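Trainee: The residues making up each chain are set out below.
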Amino acid sequence: MATTNRTSPPFERAGLSDEQLVGMLRTMLLQRMLENRGFQLNRQGKIPFASASEGHEGVQAGAAMAFARGRDLLFPYYRDLGLALGVGLTPYEVLLSLFARAEDLSGGRQFPHHYASRRLGIATISSIIAAQLSHAVGAAYALRVRGENGRAVLTTFGDGATSEGEWHESVNFAAVHKLPIVLLCENNEWAISTPLAKQMGQPDIWRRAAGYGLPSTCVDGMDPVACYLAVSDALDRARTGGGPTLVEAKCYRFLAHTTDDDDRTYRSREEVEAHRRDDPVPNFERRLVEAGILSPEGLECLKAELLAEINEATDRAEAMPYPGGEELYRNVYADSTDPWR
Amino acid sequence: MAVSSPTQTTQIMNNVDAVRATLYDAMKNDPRTVILGEDVGARGNVFLITKDFAKEFGPQRVIDTPIAEASIVGIAIGMAMEGLRPIAEIQFADFIYPAFNQIVGEAAKTRYRSNGEYTCPLVIRTPYGGGVRGALSHSVSIEALFYHVPGLKILAPAFPADVKGLLNAAIDDPDPVLFLEHKKTYRLIKGEVPDGHYTIPIGKANVLKEGTALTVVSYGLYVHWALEAAQQLAEEGISIEVIDLRSIRPMDKTTILQSVEKTRKLLIVHEDNKFGGIGAEISAMVAEEALFSLDAPIRRHCAPDVPAMGYAEPLEHEYMSSPAKIADAMRELARF
Amino acid sequence: MAKTDTKGKKLERNGLSDDQLRTIFRNMLLQRQLDNRGFQLNRQGKVPFALGSEGHEALQAGAAMAFHRGKDLLAPYYRDLGLALGIGLTPYEILLSLFARAADHNGGRQFPNHYSSKAAGLMSFSSILAAHIPHAVGAAYAMKYRGERGRAVLVTCGDGTTSEGEWHESVNFASIHKLPVVFLVENNLWAISTPIEHQMGQPEIWKRAAGYGIPGHRFNGFDPIETYGNVNEALDRARNGGGPTLLEGMCYRFLAHSTDDNDMTYRTKEEVAEHRKDDPVPLFERVLLDHDVMSAADVEQLKRDVLRETNEATDRAEAMPYPTAADLYTHLYEGAWQPWQ
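Chains as they are written, first to last, in my numbering: chain A, 404 to 744; chain B, 49 to 384; chain C, 10 to 350.
Hints were generated in silico from the structure; no laboratory data involved.
Treat the hints loosely; a few may be bogus.
Pairwise CB distance ranges (calculated) [stated by the list, open to error]:
| no. | chain 1 | residue 1 | chain 2 | residue 2 | range |
| --- | --- | --- | --- | --- | --- |
| 1 | B | S341 | C | Y338 | 25 to 31 Å |
| 2 | A | R522 | C | Y338 | 44 to 50 Å |
| 3 | A | V735 | B | T57 | 22 to 28 Å |
| 4 | B | Q279 | A | Y736 | 53 to 59 Å |
| 5 | C | I137 | B | T302 | 35 to 41 Å |
| 6 | B | S341 | C | T99 | 57 to 63 Å |
| 7 | C | T274 | A | E506 | 18 to 24 Å |
| 8 | C | E206 | A | R672 | 49 to 55 Å |
| 9 | B | Q279 | A | N714 | 45 to 51 Å |
| 10 | B | K257 | A | P742 | 58 to 64 Å |
| 11 | B | P355 | A | E721 | 25 to 31 Å |
| 12 | B | D243 | C | G156 | 30 to 36 Å |
| 13 | A | R667 | C | S136 | 44 to 50 Å |
| 14 | B | H196 | C | R52 | 37 to 43 Å |
This one's a predicted model, so the numbers in the text were calculated from it and none came from an experiment.
Note that the Cβ used here is the ideal one computed from N, Cα and C, for glycine as well.
Using the sequences provided together with the hints, build the complete structure.
Mentor: Given below as structure tokens:
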């Protein structure tokens with residue numbers, strides 16, 4: 404599939420400092436390494452499940468850089484490891500989720516990568532595709548009703564989610580009320596085994612925006628700076644009363660859907676390899692090194708530092724206890740859980 | 049086993065094999081049959097149930113749908129109204145909620161609201177149930193949400209031979225059938241499956257083991273655990289009768305009442321939570337029809353009243369029953 | 010829109026003969042007469058409920074003329090009295106439905122205006138908005154699957170229904186598979202009390218078509234000839250393998266939503282009066298007179314015929330028996346039924 408005609412701008416920093424650019428690369432590397440760790444732990448039989456976000460590092464690091472911590476709200480989906488890291492989740496917290504330990508943010512209840520943190524502004528999500536969209540729109544409505552200018556909601560979803568009725572209902576409602584929300588589609592061309600051509604009748608999700616009366620942009624999701632720019636513009640518009648924007652970031656899912664999936668049954672190795680040329684992680688590494696923002700030694704140093712951090716977080720999380728069986732009964736309601744009163 | 053046209057030969061299959069073989073035959077034998085759902089085509093379903101079907105029958109008959117559950121069921125209803133025999137798949141039972149109106153408000157009412165002119169011969173298959181570390185969104189039981197609805201039929205077989213016979217019956221049935229497949233039993237449970245086409249009547253329970261001390265009624269995964277527990281109690285000298293409902297709506301009143309009148313004690317075991325579950329209806333029916341045959345209060349051994357099992361192993365363990373827990377429930381009621 | 014004198018301008022007939030034009034007009038008169046009869050019977054306490062479709066006459070009569078009886082299927086919604094008449098239902102059948110008599114197609118089970126008739130190609134539907142749209146798409150899939158060229162499904166809905174998730178899911182699926190279906194939106198600007206600007210972020214439904222990769226058109230639904238031209242072209246495309254079309258016919262709901270609604274709580278007399286100037290029934294009468302398709306005497310005779318037919322059908326239907334209590338229990342499943350067996 405054509406990945407050549409993307410609107411990738413020549414390297415520009417979009418107002419980002421060296422520190423911010425390196426910060427984005429750090430998030431991208433961390434995402435990739437943690438992701439691999441999840442798959443390793445699964446293969447070692449230490450955890451039952453992990454899901455994959457390789458190929459989404461660029462869009463997620465860029466979007467996270469545009470997110471205003473402490474102000475904006477994030478309604479992610481389950482392939483947003485990099486976004487969660489980028490808005491402040493620690494590798495240790497990610498590993499607690501993978502190991503389903505008691506200290507995990509959901510107390511070990513949720514599937515891996517279903518993070519929620521009030522502290523970071525990350526909303527709780529289920530595995531149900533597009534169900535978070537209406538919640539995000541409701542939160543944006545709340546921001547508007549309370550007159551909280553300068554705040555916005557960022558919600559993300561894959562290409563497959565755009566087929567759900569709730570996607571349509573949510574985008575429509577946001578458009579009717581001109582809500583402070585950015586709808587970011589991470590289009591990786593595959594919904595488990597379903598390619599985009601079986602997902603919709605034309606290949607550009609951003610083209611749907613006009614039908615709702617919304618502005619839209621389409622960016623190279625493999626380019627973190629371009630993604631930062633697009634999401635940043637959209638969030639700024641949302642924060643200042645300009646209403647919602649639909650942003651489509653075209654990326655690719657390099658790995659299988661999850662550790663339970665074998666993508667060789669439905670797509671060719673050649674296709675995957677062709678997309679590997681656009682792999683955002685080595686490409687962004689190279690761009691920073693070529694621009695003199697990071698030295699080759701500095702890059703190696705950064706990788707070593709991250710690996711050490713992940714190793715330490717893995718050991719620490721693994722050593723933590725599981726929740727007790729009695730935890731099953733907590734937080735069903737605010738009070739007693741007995742259905743007979 | 050009530051097999052309508054018994055054959056000599058059998059094959060050992062697990063439940064995945066049985067679903068797959070039955071769907072394959074339906075596709076082979078009736079060009080009106082189409083399968084639609086998420087990842088049923090190239091991927092061949094997430095459990096590989098329809099693996100290679102798309103290659104053999106073509107993408108027109110094995111339809112990879114967009115991720116849109118309401119329309120998966122809704123489009124299947126339209127196909128059924130217009131002469132196809134669709135088999136819709138909801139990838140996990142947990143994903144069925146967006147399709148609730150299409151199942152409850154549309155499929156179940158199509159025949160009724162048109163006074164018999166339009167019908168909806170539709171099968172909706174979905175894997176349900178826990179014990180597989182499925183967490184909050186890949187482990188639920190949904191039968192109680194639907195068994196309240198006139199116009200639907202609901203099947204939940206536990207054994208490969210029943211899977212085949214009842215899935216064939218569902219496919220042949222002129223009305224909408226919700227076909228529940230316990231995903232933990234998919235590869236765990238193996239058994240002999242007769243060759244050739246046969247059906248098992250919808251609405252007939254199966255007495256798996258005869259006994260005298262008490263009756264256990266169950267379905268799905270817990271049937272297997274109840275049998276295991278009953279063997280344990282047999283060694284202790286307590287004789288348990290085990291009934292596999294197989295069909296949740298309609299339900300087999302005769303078999304339950306005959307058994308209860310013999311054993312005079314009833315234990316209902318299910319994985320779904322207790323409040324408003326299938327056991328509630330069975331209890332009410334037995335109380336209405338056989339109260340004076342009972343020597344003990346009816347007991348229900350079911351899941352706790354929480355929304356679903358958590359991901360962490362101890363949370364799942366606490367939610368799920370086990371042969372040992374079921375054996376305890378049997379002993380307690382037997383002693384009453 | 011020409012409101013008064015259409016004489017002198019050439020009549021654009023889109024290939025319709027004088028006979029067909031007269032049939033369209035008759036259908037429009039009949040729809041209005043029956044609509045009013047429903048409201049009258051309700052005010053007389055003879056029927057508990059009736060629905061208003063006044064303002065939809067031109068759209069429905071024009072669309073019905075494009076429908077191929079015995080081949081196409083119609084999946085209507087509950088405001089489609091004129092479409093039902095136009096594809097062959099009789100006033101008597103309509104009145105059986107209003108009176109909920111045993112001889113009604115649905116045996117008196119459904120709300121009025123929820124007709125279905127296998128013989129007429131009219132699919133069964135509920136009051137749930139958009140729930141019938143996937144059924145239409147499924148039926149179109151069945152036609153395509155069986156290779157039935159020359160057949161198509163016409164599915165209609167109001168503007169409000171386009172906000173439902175199932176509308177989106179259905180249009181999307183139809184566009185992926187290029188199914189023989191025409192989505193006709195009868196945009197009457199009001200969803201009970203909700204105006205179009207609260208229904209969507211931009212007011213033109215046809216613009217959504219581009220987001221699905223299908224053709225979309227908007228037309229004047231007060232003009233039956235223009236409606237016929239648009240629907241006929243779209244149905245022909247569908248019948249010949251050209252895939253789905255999204256059509257938006259602009260009209261207006263002159264009456265309240267139903268006999269249970271008071272529209273003066275949410276819109277003004279002045280707004281309604283402004284639209285009355287475009288009332289399609291007298292407008293089309295003018296067109297036919299101006300172009301000598303009918304004489305004034307013909308028109309008067311036709312109106313008398315329509316009234317007589319409506320009166321006769323009313324008396325005949327009213328005299329028919331209700332279903333019996335025993336009918337509550339039939340047609341739940343095939344054969345006799347008990348939940349306990």
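Trainee: Decide, hint by hint, whether the structure agrees.
Mentor: Outcome of the hint check:
no.: 1; hint: B/S341 / C/Y338: 25 to 31 Å; result: holds (30 Å)
no.: 2; hint: A/R522 / C/Y338: 44 to 50 Å; result: violated (58 Å)
no.: 3; hint: A/V735 / B/T57: 22 to 28 Å; result: violated (51 Å)
no.: 4; hint: B/Q279 / A/Y736: 53 to 59 Å; result: violated (39 Å)
no.: 5; hint: C/I137 / B/T302: 35 to 41 Å; result: holds (37 Å)
no.: 6; hint: B/S341 / C/T99: 57 to 63 Å; result: holds (58 Å)
no.: 7; hint: C/T274 / A/E506: 18 to 24 Å; result: violated (55 Å)
no.: 8; hint: C/E206 / A/R672: 49 to 55 Å; result: holds (51 Å)
no.: 9; hint: B/Q279 / A/N714: 45 to 51 Å; result: holds (48 Å)
no.: 10; hint: B/K257 / A/P742: 58 to 64 Å; result: violated (32 Å)
no.: 11; hint: B/P355 / A/E721: 25 to 31 Å; result: holds (28 Å)
no.: 12; hint: B/D243 / C/G156: 30 to 36 Å; result: holds (34 Å)
no.: 13; hint: A/R667 / C/S136: 44 to 50 Å; result: holds (48 Å)
no.: 14; hint: B/H196 / C/R52: 37 to 43 Å; result: holds (38 Å)
Violation of the numbered hints given earlier is confined to hints 2, 3, 4, 7 and 10; the remaining hints are satisfied by the structure.
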